[in-house]
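K.L.:
Below are the chains, spelled out letter by letter.
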Amino acid sequence: MVKLTINNKIVEAPDGMLLTEAAKMAGIEIPTLCYHPELQPYGGCRLCLVRIEKMPKLQTACTTRVCDNMVVTTESPEIEKARKGMLEFVLTYHPLDCPICDKGGECELQNLVFKFGSGFRRYAEDIEEYTIDTNDPLIDRELDRCVRCLRCVRVCDEVQGVTNLTAYNRGSHTEIGPFMGGSIFNCEYCGSCVSICPVGALTSKLFKYKARPWQTKRTETICTYCGCGCQFALETRNGEVLRVVTDYDKGVNEGSLCTRGRFGYSFINNKKRLTTPLIKTNTKLEPTSWDEATDIIADRFKKIIENNGPDAIAGIITGHCTNEDIYLFQKFMRLAIGTNNIDSAARYGYINAMSAIKQVIGSKRFEASLEDVANADVILSICSNITEVNPIAGLKVRRAAKRGAELIAADVRDTDIAKFAAQNLIIKSGSERWFIHGLIKAVLEEGLYDNKVYKEHKKFINNLNSALKGLLFEEIETKTGISEKDIINAAKAYSKAKKGVIILGQGITHQQDGYKSSLNLLDLCILTGNIDGKGTAILPLCDENNEYGAIEMGAAPEFLPGLLNAGDARQRDIISKIWDKKIPSKKGLTMPEIFNGVLKGKIKALYIIGENPAGTFPQKSEFYEALQKLDFLVCQDLFPTATCELADIVLPASSFAEKDGTFTNMEGRAQKIKAAINPVGESRPDYQIFSALSEKMGYPMDYDNADAILKEIAQVIEGCGLEEEKDAIGNYVKISLKDLKEQYERKEEKLPAKFPFKLKLGPVLFHSGKLSGYSDGPVRILPEGRLKINPNDADRLGIIEGDRALLKNANGEVKVKVEITDRIPEGLLFYPEHFMYPAVRNLCEIDIDKDTKANYFKSTFVAVERHVPEH
Amino acid sequence: MIKFLKNIFFIDIIVGLLLTLKHFFMFKGKRGVTIEYPDEKRPLPDGYRGLLCLRRKDDGSERCVGCTLCEAYCPSKCITVVSAGSEADPMKRYAKFYQIDITKCVFCGYCVDACPVEALAMTKRYELSQYEKGTIVMTKEKLLEIGDEDYPCQPVRQTGRKD
Ligand code: SF4
Ligand code: SF4
Ligand code: SF4
Ligand code: SF4
Ligand code: FES
Numbered sequence: 001m002v003k004l005t006i007n008n009k010i011v012e013a014p015d016g017m018l019l020t021e022a023a024k025m026a027g028i029e030i031p032t033l034c035y036h037p038e039l040q041p042y043g044g045c046r047l048c049l050v051r052i053e054k055m056p057k058l059q060t061a062c063t064t065r066v067c068d069n070m071v072v073t074t075e076s077p078e079i080e081k082a083r084k085g086m087l088e089f090v091l092t093y094h095p096l097d098c099p100i101c102d103k104g105g106e107c108e109l110q111n112l113v114f115k116f117g118s119g120f121r122r123y124a125e126d127i128e129e130y131t132i133d134t135n136d137p138l139i140d141r142e143l144d145r146c147v148r149c150l151r152c153v154r155v156c157d158e159v160q161g162v163t164n165l166t167a168y169n170r171g172s173h174t175e176i177g178p179f180m181g182g183s184i185f186n187c188e189y190c191g192s193c194v195s196i197c198p199v200g201a202l203t204s205k206l207f208k209y210k211a212r213p214w215q216t217k218r219t220e221t222i223c224t225y226c227g228c229g230c231q232f233a234l235e236t237r238n239g240e241v242l243r244v245v246t247d248y249d250k251g252v253n254e255g256s257l258c259t260r261g262r263f264g265y266s267f268i269n270n271k272k273r274l275t276t277p278l279i280k281t282n283t284k285l286e287p288t289s290w291d292e293a294t295d296i297i298a299d300r301f302k303k304i305i306e307n308n309g310p311d312a313i314a315g316i317i318t319g320h321c322t323n324e325d326i327y328l329f330q331k332f333m334r335l336a337i338g339t340n341n342i343d344s345a346a347r348y349g350y351i352n353a354m355s356a357i358k359q360v361i362g363s364k365r366f367e368a369s370l371e372d373v374a375n376a377d378v379i380l381s382i383c384s385n386i387t388e389v390n391p392i393a394g395l396k397v398r399r400a401a402k403r404g405a406e407l408i409a410a411d412v413r414d415t416d417i418a419k420f421a422a423q424n425l426i427i428k429s430g431s432e433r434w435f436i437h438g439l440i441k442a443v444l445e446e447g448l449y450d451n452k453v454y455k456e457h458k459k460f461i462n463n464l465n466s467a468l469k470g471l472l473f474e475e476i477e478t479k480t481g482i483s484e485k486d487i488i489n490a491a492k493a494y495s496k497a498k499k500g501v502i503i504l505g506q507g508i509t510h511q512q513d514g515y516k517s518s519l520n521l522l523d524l525c526i527l528t529g530n531i532d533g534k535g536t537a538i539l540p541l542c543d544e545n546n547e548y549g550a551i552e553m554g555a556a557p558e559f560l561p562g563l564l565n566a567g568d569a570r571q572r573d574i575i576s577k578i579w580d581k582k583i584p585s586k587k588g589l590t591m592p593e594i595f596n597g598v599l600k601g602k603i604k605a606l607y608i609i610g611e612n613p614a615g616t617f618p619q620k621s622e623f624y625e626a627l628q629k630l631d632f633l634v635c636q637d638l639f640p641t642a643t644c645e646l647a648d649i650v651l652p653a654s655s656f657a658e659k660d661g662t663f664t665n666m667e668g669r670a671q672k673i674k675a676a677i678n679p680v681g682e683s684r685p686d687y688q689i690f691s692a693l694s695e696k697m698g699y700p701m702d703y704d705n706a707d708a709i710l711k712e713i714a715q716v717i718e719g720c721g722l723e724e725e726k727d728a729i730g731n732y733v734k735i736s737l738k739d740l741k742e743q744y745e746r747k748e749e750k751l752p753a754k755f756p757f758k759l760k761l762g763p764v765l766f767h768s769g770k771l772s773g774y775s776d777g778p779v780r781i782l783p784e785g786r787l788k789i790n791p792n793d794a795d796r797l798g799i800i801e802g803d804r805a806l807l808k809n810a811n812g813e814v815k816v817k818v819e820i821t822d823r824i825p826e827g828l829l830f831y832p833e834h835f836m837y838p839a840v841r842n843l844c845e846i847d848i849d850k851d852t853k854a855n856y857f858k859s860t861f862v863a864v865e866r867h868v869p870e871h
Numbered sequence: 001m002i003k004f005l006k007n008i009f010f011i012d013i014i015v016g017l018l019l020t021l022k023h024f025f026m027f028k029g030k031r032g033v034t035i036e037y038p039d040e041k042r043p044l045p046d047g048y049r050g051l052l053c054l055r056r057k058d059d060g061s062e063r064c065v066g067c068t069l070c071e072a073y074c075p076s077k078c079i080t081v082v083s084a085g086s087e088a089d090p091m092k093r094y095a096k097f098y099q100i101d102i103t104k105c106v107f108c109g110y111c112v113d114a115c116p117v118e119a120l121a122m123t124k125r126y127e128l129s130q131y132e133k134g135t136i137v138m139t140k141e142k143l144l145e146i147g148d149e150d151y152p153c154q155p156v157r158q159t160g161r162k163d
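Chains as they are written, first to last, in the numbering used here: chain A, 1 to 871; chain B, 1 to 163.
One thing to keep in mind: the hints can contain errors.
Said to hold, decoys possible - List time: in silico DSSO-like cross-link candidates among lysine-lysine, alpha-carbon distance up to 30 Å:
1) A:K210 - B:K140
2) A:K271 - B:K3
3) A:K402 - A:K419
4) B:K104 - A:K210
5) A:K115 - A:K250
6) B:K22 - A:K210
7) A:K205 - B:K140
8) A:K84 - A:K54
9) B:K77 - A:K217
10) A:K205 - B:K104
11) B:K142 - A:K284
12) B:K92 - A:K271
13) A:K208 - B:K140
14) B:K77 - A:K272
15) A:K205 - B:K77
16) B:K142 - A:K208
17) B:K133 - A:K205
18) B:K6 - A:K210
19) A:K210 - B:K41
20) B:K57 - A:K217
21) B:K133 - A:K208
22) B:K96 - A:K208
23) B:K77 - A:K674
24) A:K217 - B:K96
25) B:K77 - A:K208
26) A:K115 - B:K77
27) B:K92 - A:K208
28) A:K496 - A:K419
29) B:K92 - A:K217
30) A:K817 - A:K853
31) A:K271 - B:K57
32) B:K92 - A:K485
33) A:K217 - B:K41
34) B:K142 - A:K272
Said to hold, decoys possible - Only some residues are given here: those of chain A computed to face chain B with a beta carbon under 10 Å:
35) P99
36) I100
37) C101
38) P137
39) D140
40) E142
No wet-lab data here; the hints were simulated from the structure.
Small disclaimer: the values here were computed from a predicted structure and weren't measured.
Note that beta-carbon positions come from the ideal geometry of N, C-alpha and C, so glycine has one too.
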């Protein structure tokens, strides 16, 4: 701490603090324009001039650090004159078209001139012509309004790490634009530059001229797209969401958002939203009333329970619902219906990571937090593509890497995060397990394990040794394409970490043996001592924003709320007691088992919330067939999906902007969302629908509001603290050699000769699930999918950029546009999973995990040829 | 003495009553003060604050840029503006929806003051009563119509960028 005097007031501030911040702390306002607390000091606008004793001339407060005995004056005629002068300079060429300018009302320049300026411009010559460029799909540039504070350039570089923007030309001719020139930004479209620009030089096309800031209502809430759980505020007017804004000091995201969060909001007011309950009459869906719809559902459910028992009904819920929704849904299924046949979207792979973590660490909050990632000294990212799946988590990795953390990125293709990696390892597709085992082998053979672990769990290490005995580095090298040296280097780097974090990507979890691989990686954590819960651990990526919550709330046949084991009578009793009704003891079915049950005629009715299996499952698969075989299908969704078309009753649900509740993000942080607008049309929040249904089913679950449900959840989760979990790891390492050997099995993937390419479907940055496809922003940036292919492969096939390729396999053929890029290795193809058409997903088969019954349908083998258009 | 005589013969009163009588027989015409409203209307001063209207530029386009300042300034909150980019030129701001609820208007004229492009003006119209309240909620079309009648086009004051 240092002591300084500002305006005769003694102020204490930490050493090295900027003078602007110290003054702010003391309640003294120094006007600033180019300064932003998120960015490095810059000193471009010279508005923050102050007099510091013993220094010549006035000094810029935003670049001066405080020191002891500094004497500062911020108000004097001299300073006032200087400020007025500087503001007049800024205004020299300024168009002053505030009435039209989109920033009017929240413009920093406007406010400054109003408060400190003279409101008069002496310069009367012609105004210089500046670029006004509105060709970009999302961001308009009107550079006559630019004040050259370079905040946009700096945020893009310092915070986003994208470095897309630059200032070109000099002096008063300086303009801002994409580094590569042209008018299209062609970047990550995080919108940080728009958000940070103090004036109306960079504006969002989606919000353009829609409203003034004082006309909108602001509601703080949480993003509904991915598991990062970014905090933002929705600005609404008359029931319409107009834009998303952030504060730099709020939430895990600290004001940053990805393109989906910032520009993907218009699905909320999309005209295609379901607005009334629909009922199937003959073959058409007709609007009906809530009362009738719920009556029919309750009636049919009751009949089915009577004739076939409660286990003939099953439910599947999306990971986009709130904890309250999910909790009530599983309670509805378990108590009102009486079955454990409940599953969620986590079954597509996230469950693998969660089950493994529960197995090893127990059910307490366990994962690395995003802050841990930002503070880590070594980050091992395995098949994660983190910057596209969880962009804000990716930002933390970037930040850590920039700070000097060692990033080891291993993936089957060159991902964006690899740019920041100290070691970028591209492994061959299908050899992920060899790579993971290679790392563990390296740790074991080089003696890189933690000494404490060695002493305590000697037997475990010996067992691991024997489980991996047959594996040689030569084999690993031929399989993965990574040399022994590289693997040992990576293992060395990771094991010496003080704060090591493993980022577990979907390339592992959403793939056969995802559960085992997750366990293997946890073994690696244990071996190297990187699992003490103090900033070291494993972070599985989470595609849908509340997949964590879905599992924690018990929307899985194997878990009860609080991650209790549904198969354990004692644990069931704990919750039964709180609920005051017995939880059915019969083992529930997982998602693939449910569909198999339908095929076998065991499941008669299915209640699907927010999922669209008819649109995501390959059309040739049995599961797709199962959907047509159901006696009774209820769909509850925002939009009329392909599954809704098959449904007997469709219920309109409210989006996250229309309801209260909580989302739990990938680090296990539960965060509140608040309703910003009234439900669209007649739609209702999911939990209200479950309440209404439960009443008609004769087991009323009546809650005043979402908060009341949350209180009950808290009670349930508190009530289930289990003792034996205290030393979960200690218990886990007692695992027998036989089991361990099973965990270390590797299965070879055979490339069928007829179909020599491996096709992978996966998430991309600009979209997330189906919602982004209904949002204007993401669709403008990426309206259609492109197949990524290696240039050599493309050459061989005679395909050039912009061509269409014909993908063929036993399941059919699909035509897709190609994008040739060397970021994808030969023999591999990648296609974004979000696009319904062309239906590339139909080429895939469904693959079911043996351990957790997770179902994967995002990869297959295909043959590729150039599509010759017929004319 | 004279005062006494005046008192007993009610002279003052008679003089006063004569004046009344004179005015009583003085009909409509040059020296009359009664205005026979509604057949006859009082001439209004130039600063009169009557019904509001929207004006056009000389080329016939709307002046209003939808900046919403009138809405912000209106003390009785009777103006509603929804701005948008125009279809033809998305960079051009205009009021997609503009409405003044005259039933709430207090005719203070602040909105006219606030308008940076002189799109709003006050007319000398004041006969606004209607049988149904809804009919005096002024839509943009009505406001423009009145503007066209009362304020024939004039060049607009330049703000900022040249168009
Ligand atoms: S940037 Fe600010 S000062 Fe400049 S025209 Fe826009 S609102 Fe007015
Ligand atoms: S949108 Fe984000 S990535 Fe693109 S230029 Fe702006 S700050 Fe950079
Ligand atoms: S575009 Fe905005 S943020 Fe960038 S330099 Fe200009 S005024 Fe500053
Ligand atoms: S999609 Fe994920 S990273 Fe992007 S804003 Fe939403 S929560 Fe944050
Ligand atoms: S704020 Fe200090 S120089 Fe701009």
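K.L.:
Each hint needs a verdict: does it hold in this structure or not?
P.N.:
Hints, one by one, checked against the model:
no.	hint	in the structure
1	A:K210 - B:K140	18 Å, holds
2	A:K271 - B:K3	92 Å, violated
3	A:K402 - A:K419	11 Å, holds
4	B:K104 - A:K210	25 Å, holds
5	A:K115 - A:K250	27 Å, holds
6	B:K22 - A:K210	67 Å, violated
7	A:K205 - B:K140	26 Å, holds
8	A:K84 - A:K54	24 Å, holds
9	B:K77 - A:K217	16 Å, holds
10	A:K205 - B:K104	35 Å, violated
11	B:K142 - A:K284	45 Å, violated
12	B:K92 - A:K271	25 Å, holds
13	A:K208 - B:K140	21 Å, holds
14	B:K77 - A:K272	34 Å, violated
15	A:K205 - B:K77	29 Å, holds
16	B:K142 - A:K208	27 Å, holds
17	B:K133 - A:K205	39 Å, violated
18	B:K6 - A:K210	81 Å, violated
19	A:K210 - B:K41	44 Å, violated
20	B:K57 - A:K217	34 Å, violated
21	B:K133 - A:K208	34 Å, violated
22	B:K96 - A:K208	13 Å, holds
23	B:K77 - A:K674	28 Å, holds
24	A:K217 - B:K96	20 Å, holds
25	B:K77 - A:K208	24 Å, holds
26	A:K115 - B:K77	26 Å, holds
27	B:K92 - A:K208	10 Å, holds
28	A:K496 - A:K419	23 Å, holds
29	B:K92 - A:K217	25 Å, holds
30	A:K817 - A:K853	34 Å, violated
31	A:K271 - B:K57	36 Å, violated
32	B:K92 - A:K485	62 Å, violated
33	A:K217 - B:K41	47 Å, violated
34	B:K142 - A:K272	34 Å, violated
35	P99	3 Å, holds
36	I100	5 Å, holds
37	C101	8 Å, holds
38	P137	12 Å, violated
39	D140	8 Å, holds
40	E142	8 Å, holds
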